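Visitor: Sequence:
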Amino acid sequence: MSEAVNGGTLYGVGVGPGDPDYMTLRAAKVIGAAEVVAFFAKRGRPGHARTIAAGLFSGNCREMPLVYPLTTEIAPHTEEYRTQLAAFYEESTAAITAELQAGASVAVLCEGDPFFYGSFMHLWRRLYGRWPIEVVPGVTGMAGAWTRAATPITWGDDILTVLPATLSEEMLTDRLQATNAAVIMKLGRHLPKVRRALAAAGLGSRAVYVERGTMSEERILPLEAVTDETAPYFAMVLVPGEGRRP
Numbered sequence: 004m005s006e007a008v009n010g011g012t013l014y015g016v017g018v019g020p021g022d023p024d025y026m027t028l029r030a031a032k033v034i035g036a037a038e039v040v041a042f043f044a045k046r047g048r049p050g051h052a053r054t055i056a057a058g059l060f061s062g063n064c065r066e067m068p069l070v071y072p073l074t075t076e077i078a079p080h081t082e083e084y085r086t087q088l089a090a091f092y093e094e095s096t097a098a099i100t101a102e103l104q105a106g107a108s109v110a111v112l113c114e115g116d117p118f119f120y121g122s123f124m125h126l127w128r129r130l131y132g133r134w135p136i137e138v139v140p141g142v143t144g145m146a147g148a149w150t151r152a153a154t155p156i157t158w159g160d161d162i163l164t165v166l167p168a169t170l171s172e173e174m175l176t177d178r179l180q181a182t183n184a185a186v187i188m189k190l191g192r193h194l195p196k197v198r199r200a201l202a203a204a205g206l207g208s209r210a211v212y213v214e215r216g217t218m219s220e221e222r223i224l225p226l227e228a229v230t231d232e233t234a235p236y237f238a239m240v241l242v243p244g245e246g247r248r249p
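Those letters in the sequence shown? Residues 4 to 249, per my numbering, in order.
It is worth saying that the hints were derived from the structure and are not from the lab. Keep in mind it's a predicted model, so treat the numbers as computed, not measured. Watch out, some of these pointers could steer you wrong.
As the list claims (entries may be wrong) - Derived DSBU-like pairs: lysine-lysine, alpha-carbon spacing no greater than 30 Å straight-line: (1) Lys45 <-> Lys32; (2) Lys196 <-> Lys32; (3) Lys45 <-> Lys196.
Take these sequences, add in the hints, and give me the full structure.
Guide: Below is the structure:
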């Protein structure tokens, strides 16, 4: 049984793929009881995780926006990007540490699952072993997407590969050729490259495009029917497996 929400403890809380109904009971309990609720956000935006979970905030919790200094303005493989993001995570860690030292319970909201491509992991790495930490798992965006698309992703002995679209076209093609099922994330401006890689791997006809899965603006259709050249942040491509079906 899960413990109570304790002061001086950091919680990384997965809030699921978008629809608040997909949050776990433990996530709702932690969010509702936390003295400080922290969330990542772009400058000038409320933060998607906050939008999902806001209905669960207690009336007296303190909100802590963690505002990214940049998102796509600089290539992520550059030294400037790494330097700015490292400084941001250090500052965020210091702000959270101050609350923990004061005895507060701090819930950091995380889209999907905290340990799956999540920004929370950068805080966890800096604070693990220094403070009590509980990670509350969440339904991943890809699980929400394949469920809403009515697309069973793996059958029998199928191997599933999760790929960031930021990989080179050659690497995407190689990985797609070597797997039975795939999820391709972080599409953005890489959507044309992903189309080419899927075609080269002979998987274009099986690919399903899911945009904002479980959210009110949800859009689901075969990738071959998508004419867009870019995709929003909350979009992915699913390639369902075709394994054993007794």
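Visitor: Next, verify each hint and record whether it holds.
Guide: To see whether the hints hold, each was checked on the structure:
1. Distance hint between Lys45 and Lys32 is fulfilled; the C-alpha atoms sit about 26 Å from each other, no more than 30 Å.
2. Between Lys196 and Lys32 the CA atoms are separated by roughly 42 Å; this puts the pair beyond 30 Å, and the hint is violated.
3. For the suggested pair Lys45 and Lys196, the alpha carbons sit about 26 Å apart, so the restraint of at most 30 Å is met.
Taken one by one, the earlier hints fail for this structure only at number 2.
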